[in-house]
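Protein chains in written order, with this note's numbering: chain A, 52 to 369; chain B, 3 to 323; chain C, 35 to 548.
Please note: incorrect hints may appear among the correct ones.
[Stated by the list, open to error] In the EDC-like style, the derived pairs of lysine to aspartate or glutamate whose C-alpha atoms are separated by at most 20 angstroms in a straight line are:
hint	chain 1	residue 1	chain 2	residue 2
1	C	384	B	64
2	C	384	A	252
3	C	317	C	160
4	C	384	C	345
5	C	384	C	473
6	C	384	A	362
7	C	304	C	490
8	C	304	C	524
9	C	304	C	321
[Stated by the list, open to error] Examples of chain C residues toward chain B, derived with CB under 7 angstroms:
hint	residue
10	109
11	112
12	114
13	116
14	134
15	141
16	148
17	150
18	151
19	153
20	275
21	279
22	280
Derived by calculation from the structure, the hints in this document are not laboratory data.
C-beta: ideal position from N, C-alpha, C; glycine also.
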Amino acid sequence: MHLLRRVAGHGMPFALAVALFFVINLVIPGYANLNSLLSLLLLASLLGLAAIGQTLTILIGGFDMSIPAVIGLANVLTALLYGAGVPIWTAAVVIFAIAAVIGFLNGFAARYLRLNPLVVTLAMGSIVLGAIWAGTHGEVAGSVPNWLVQTVSVIGRTGPIPLPGVVVLWIVVIAGVLLLERRSVLGRWIFAAGANPRAAELAGVPMLGVWITVYVLSAVLAALTGILLAGFSGAADPSVGAPYLVTTVAAVVVGGTPLTGGRGGYGRTVAGCFVVTELSTLLVGLGLDQAGQQMCLGFLIVALVAIYGREAPLSLRL
Amino acid sequence: MTWLRNRLYAGPVLVALVAFVILNMLASRAFIDPGNWNGLLVGAAPFMITAMAQTGPILSGDGGIDLSVGPLAGLVNALIAAVLVPHGWDDPLSIIAATIGVGLASGLLNGVMIAVVRVQPIIATLGTFLAYQGMTLEILPMAGGAAPAWLRGLAETHGHVPGMLGVLALIAVAWLGLERTAFRRNLVAVGGDARAAYTSGVNVAGVRILAYLMSGVLAALAGLVFTAALGSGDPSVGMPYTLTSIAAVALGGVTLSGGRGGLLGAAAAGALLFLIQTLFTLAQVSIFYLQICYGVILLMALALNAAGERIRRRRIFAQLG
Amino acid sequence: MHRAVHHPAPPLLIEARDLRRRFGETVALAACSLAIRPGEIHALVGENGSGKSTLIKILNGIVAAESGTLALDGAPARLTSPRAAQRAGIATVFQETLVLDEMSVRDNMILGLDGLVRRRAAPAREAAMVRAALAALGLDVLDIERPVGTLSLARRQLVGIARALLRPWRLLILDESTSALDIADRDRLFAALRRFRADGRSILFVSHRMDEIETLADQATVLRAGSSVASLPAGAFSTDILLELMSSREEAGAAEGHAPPRPRRSRGRKLLSLCGFALSAGKPQFDFDLHAGEIVGVAGLEGHGQVAFLECIAGLRPAPAGAVAVEQAPIRSHRDALRRGVTFLPRDRKTEGIFAPLSVTDNVTVSCLPRLARWGALAPSWLTTAALAMCERARVRMTGAHLPIAALSGGNQQKALLARLLATRPRVLVLNDPMRGVDLGAKRDLYDVLAGLAAEGIGILLLSTELVELCVLCDRVMVFHDHALAATLDRTELAERSLIAAMFGQPGPGVAAA
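Modelling step: build the complete structure from the supplied sequences, incorporating the hints.
Following this line, the structure appears as structure tokens:
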């Protein structure tokens, strides 16, 4: 019941998602079919997994700009390691461990050293991307297991469920994240940390621990997205994560989580993921290229923040 | 006295700059040859000018930052190479007017969004970052076009005087002039404590808009400068300067939460970043490592900046006793 | 009852009528009127939270009144920003010293006189202006290039006043900006104020010091609970009359009548002990023990070290000298303090206390989540139960614990924060001015709650700026002056007069031997 009420409470972005679906149908005749719907779900799932970290870091008052780089790293490593004969699960463990280290460094630098989280994660992203290019010179051989391709394919199934594995995975993860937010100590601490960092510190919230955990989660989930993307394209590409810088932020903001921290949540981002994915489809349908799409998303982010994410005027801060 | 005290913050970076000049000289004989100095200055200028562009917004405090610095420079480059020159508007007046116009328009857009609409600076300038990048790719999908001869002349020497020196001198004179006005005091006050500035009667929104206008014009000028250096247009050349400009501001001793620092430190740190790059090139390290290096430098700059800030605050409070 | 006094012919400099302003749920000003004549020193008195600061913000164009009229020289005035107020000739020295610590004295004083780019005066003339304004207050010796942050509080207050004097003003507002001044400085300031009055300029003077008001003011307006209740000319008011108007019978009862003198009990066991403690290296050291069931007051003029004292005990800053310990276990960090059951209530509810967007439940339980959880998991019902129990103990009045805490009144927010402390099962409460800006009913509740907690054996350190409160609630009061413990007043010596004497560093009974 509680969950239902919460979902109903964020009706707006969900309504927008549904409305956009009909708009796309008008622009691209014959869009409304099972395949389109499945591919929408699939793309939204990938974005949804990557956007968990962005949601949580924004909730605590940070940012994670290293998500695209970690996605790229995981993507390349999956193909390389599996191609070199390492079992996929071992490869996954190695990748998650590396991602966790990156996340730890992000959280530590942002909270313990009190460095600007946006700039720290930008720098970390730059280091990680540089390392991938330096290590591979941009040419990645390797391969991915067939079942991984199936998991991220529109025609894939999950046992008896007629949905690709990644969609089922996303549904499970959504439930997990919502439980984490509402029904765990960490979740409540995340909201407190974002709502008023000074008060949270005084109230005994272990701020450093919360920040590091959130950034580690963000990096590990970005790595998971990167592994899945290796299955999606069947080959590795260091820059595969690039679009996710803007789309993850857009999904959070469109969902209605303000950048001021402590408000909103992943439930809203889920709706935002659908809106952003549909919008991309629509823009492609209208013939816009990558650059044009980014421009539109950028405009959307600024417009939405201008509507409901504005900062308090100075006179009220006195 | 005051003049010196206001610039003390830049001390460490100036020392580091001298150290890196010496290191470069030790690493390569070519560095000592005055014939190469112009080329070095041409390479360093975009770093320095974008760093100066980043300084105003960061000084203005309250999370002030201008992510659009790099893409705006790139947009100006694309505009000159792919729009102005092909249409025959290649005379100095048109190009300089267009550059400054684009810079002012961008600064006004960012400034109004931030100071009046009150969108967080990160988000507002992320929006313009994406917009300019998109526009650049629309205008100039791949490298090409050409800069007019007079503009390329900026990157050459004129009777032993590098043209770039003229550009930098012009900026220096403009800033020194501006420093004599009330703007600097207002900017530092707004960045230091916007509430105190507001209750004192400072027009906080106006000061912030002016800071972003300054950023826009300087970033556009950086675009003009690397068009001169490249002699053509390239849609990918502008973007990386956002990152280096932030790193330079941090390295330059400017307090990242606003209120302390100036253009001198940022410009010196911009030159320093360039020298680090040349050192890499001299050591024949793959350019792929350069990106790692920038990331590491940015992190180190942030950490040093924060540590310096802590020491300084402790010193101020120690004086109290 | 509004006892407006009819003024003769000369137009009023300022006339405010029935100003009203709310902030969220709380009514800051209900019906506030104020009339200031040219050439008048006008005192504005009222308790904390009576609306003085909101009225001053309106006169400064920082906030706008929702209804009511404001006239300057008889013509309606629109003050939309501090800049506009300055242009109208209103200069203000705020209670909080709103100066830029790292800027020089000179820059701080000139700031705001300039345009965006255009300077008001050439640098050389600027320096002369600044020196002249400082000299008027006896600060001729001050190096005007020194950062303001390195000055003592008293000097900073004087610089703040000099800064206001530099502006072309007709009305000078002094909002409790004389609290740190010594007698000589204050006499000099008052003499200057009288000179200004003779020039036909007006001063709106806010102070808690009744003696200052009696000697200085030509007229006094009294605010109570957001309304102006009286405006009396000199001669018609006295300290007693003003105090009575400020507090009304009902309110005086809040502290004195309602919280009956707590029965004297034998001291419980020692909870907290300070050994060889000092607030900075050079100051005299002292020992202090807090016993179970004891309420110890902490007093001092703003900025005299009493807040730092609380922060050292809560582990928020290291003790400059000596040690703080709970039963031999030292407190070196905030975490230590929390682990030993020493909890801290910060002064500023909004910036350091509440999580505005979160529910009352979340706000109350945030500090005790690990205890409530099983394997890190929480059921909403566990949280609600715990929160409701604590809210009842702290007498939070609310319609539901699921509502955002921002929806509660200030007093209930404060009680909810106390509930948060109680949820950690504390042994020592360190409270930084908990009754600040809290309405009457809530104050009463808080007095009761604190007395009850002490009776349960909790030790309480209570910093308060309201002396009556200290006199009534505390078993003894530590008074700080100039970053040192000036006196510890026992139950028998406690009186407003002795507290004030100690706060001003004047020797009286019970001065601690250094």
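Verification of the hints:
1. C:384 - B:64: Satisfied, since the Cα-Cα distance of roughly 19 angstroms is no more than 20 angstroms.
2. C:384 - A:252: Judged against 20 angstroms, a Cα distance of about 14 angstroms means the pair holds.
3. C:317 - C:160: 39 angstroms, violated
4. C:384 - C:345: Holds. Residue 384 of chain C to residue 345 of chain C sits at ~18 angstroms (cutoff 20 angstroms).
5. C:384 - C:473: Distance ~16 angstroms between residue 384 of chain C and residue 473 of chain C Cα, so the pair holds.
6. C:384 - A:362: 16 angstroms, holds
7. C:304 - C:490: 15 angstroms, holds
8. C:304 - C:524: With Cα atoms ~18 angstroms apart, residue 304 of chain C and residue 524 of chain C stay inside 20 angstroms; holds.
9. C:304 - C:321: 13 angstroms, holds
10. 109: 22 angstroms, violated
11. 112: For residue 112 of chain C, the interface hint is violated, since the closest Cβ of chain B sits about 16 angstroms away, which is over 7 angstroms.
12. 114: 12 angstroms, violated
13. 116: Interface hint status for residue 116 of chain C: holds (5 angstroms vs cutoff 7 angstroms).
14. 134: At 5 angstroms from the nearest chain B Cβ, residue 134 of chain C passes the 7 angstroms test, so the hint holds.
15. 141: 5 angstroms, holds
16. 148: Interface hint status for residue 148 of chain C: holds (3 angstroms vs cutoff 7 angstroms).
17. 150: 5 angstroms, holds
18. 151: 5 angstroms, holds
19. 153: 5 angstroms, holds
20. 275: 33 angstroms, violated
21. 279: 30 angstroms, violated
22. 280: At 27 angstroms from the nearest chain B Cβ, residue 280 of chain C fails the 7 angstroms test, so the hint is violated.
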